[in-house]
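A.B. asks: The chain contents come next:
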Amino acid sequence: MGGMAIGETVLAIGTKKGLWLATSQDRTNWSLSGPHFLMNEIPSIGIDQRNGSTRLLVGARSEHWGPTVFHSDDLGETWTEPENGAIRFNDGDGAALERVWQIQPDAADRPGVVWAGCEPISVWKSTDGGEHFELNRALWNHPDKDQWGAGFGGAAAHSILPSPHDPDTVHVAMSTGGVYRSTDGGDSWQARNHGISAYFMPDPNPEVGQCVHKIARDAVEPSTLFAQNHHGVYRSDDSGDNWQSIADGLPSDFGFVMLTHPRRTRTAWVVPIKADGERIPPDGHLAVHRTDDGGATWARFGTGLPDLDYNVVLRDAAAVDTGDPAGVYFGTRGGSVYASANEGEAFVQVASGLPDVLCVRAASL
Amino acid sequence: MVGVAQKSVTVVVPSLLAKVTGEQRELSVPASGPRSVAEILDDLAGDYPVFNRRVRNETGAIRRYVNLYLDGEDIRTLQGPDTLVAPGQELLIIQSVAGG
Chain A
29 MGGMAIGETV LAIGTKKGLW LATSQDRTNW SLSGPHFLMN EIPSIGIDQR
79 NGSTRLLVGA RSEHWGPTVF HSDDLGETWT EPENGAIRFN DGDGAALERV
129 WQIQPDAADR PGVVWAGCEP ISVWKSTDGG EHFELNRALW NHPDKDQWGA
179 GFGGAAAHSI LPSPHDPDTV HVAMSTGGVY RSTDGGDSWQ ARNHGISAYF
229 MPDPNPEVGQ CVHKIARDAV EPSTLFAQNH HGVYRSDDSG DNWQSIADGL
279 PSDFGFVMLT HPRRTRTAWV VPIKADGERI PPDGHLAVHR TDDGGATWAR
329 FGTGLPDLDY NVVLRDAAAV DTGDPAGVYF GTRGGSVYAS ANEGEAFVQV
379 ASGLPDVLCV RAASL
Chain F
9 MVGVAQKSVT VVVPSLLAKV TGEQRELSVP ASGPRSVAEI LDDLAGDYPV
59 FNRRVRNETG AIRRYVNLYL DGEDIRTLQG PDTLVAPGQE LLIIQSVAGG
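Chains A and F are the protein sequences, given in the same order. Everything in the first sequence is counted per our numbering, starting at 29 for the first residue and increasing by one. Everything in the second sequence is counted per our numbering, starting at 9 for the first residue and increasing by one.
Hint data in this document are derived by calculation from the structure and do not stem from the laboratory. All clues given are correct.
DSS-like mimics (lysine-lysine), calculated; alpha carbons at most 30 Å apart, straight line:
| hint | chain 1 | residue 1 | chain 2 | residue 2 |
| --- | --- | --- | --- | --- |
| 1 | A | K302 | A | K45 |
| 2 | A | K45 | F | K27 |
| 3 | A | K44 | A | K153 |
| 4 | A | K153 | F | K27 |
| 5 | F | K27 | F | K15 |
| 6 | A | K173 | A | K153 |
| 7 | F | K27 | A | K44 |
Using the sequences and the hints, build the whole thing.
C.D. replies: Right under this line is the structure:
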């Protein structure tokens, strides 16, 4: 992977059986390399470019040998793993790391700060670029903890959104549990699920227990958030205090993906799945839907995607880059990966026949 | 060696873990008398911390799909990590069938 020219785009593809890297000069023609970490699932990838270089961070998990975090500062030529593990519970915690679901570099003006969301439900913070993480004990010991549960994929904190505008504000989403917000840098956390349905519970509007699949923050308005729920697509304009449905205009309100534009306000993408009980793209027609007006209207884009595809796109198997126009990427559980160089309006196939895609992340080099 | 008491136990490492044991497939652990599996792994953790994390999680539990055999017996059918290993005995680590 050495020798990449500036201006290339790298697309990191985490699958159930390893990591692949794809590169492109034009985001249309791609070359694929890998696998790295063969037979390890890669559910999380972070690409950190805040120090003038590119660090790849991956959460790997072997069915035999357990989970760990690797990083590479040479685009996958070599990988390093801290001897004692980047993320590990202490003796007194009575818990063991099961899976790293999210690796999220913080804002550009906080270099070195990287967040991780894990199973069991926990949030971790690193200040050394992701080499060592500290458990956030306020969330770990949260009084709501006994109300959190496991979705089908496991009980995890899967989304972490530090606010680029305010170092004290962080949003976390967990399945199940819902959205939590801290306004004091992680010293305390409050559930922020008002308006998000939990139709699968006796009280469909509880304070806690929602199965939020993914959240994303607006690039311009830090108090605007978007959520793809386990049935339900929502927007909040008050930092999560209240959520309103924006599902009208979509073929389904079920899905896993929620992406926001890297620069433009009120622009978001989803990949609808027919229903909880019917987890396929609607009628087998895989498509990306984009709103440019905060969810008031949605446009469907399927150009370049197969006529029929019955595979699901998982919550982290989609990403945007920071290019202009923004690139949009996703991979399916059928092992196909697609890239769009025009904000999702048309796609090219990057790869096919890979193991189930769990995570993709892209960056301009 | 006839007439000389063994003063160690041998841990046999699967090939998949050799890269985290300096490519050694057999690790010798001092043992002047019987030692528990947990003590033996604790000893190795100092020199081979990544090996230790592959075999055990941070609670000290042996990972679900990692099997340790003492003279052909899975230690889970013996006393688990408290199983005593005598000097001269061999502890064999093999990953179990898992995954899909």
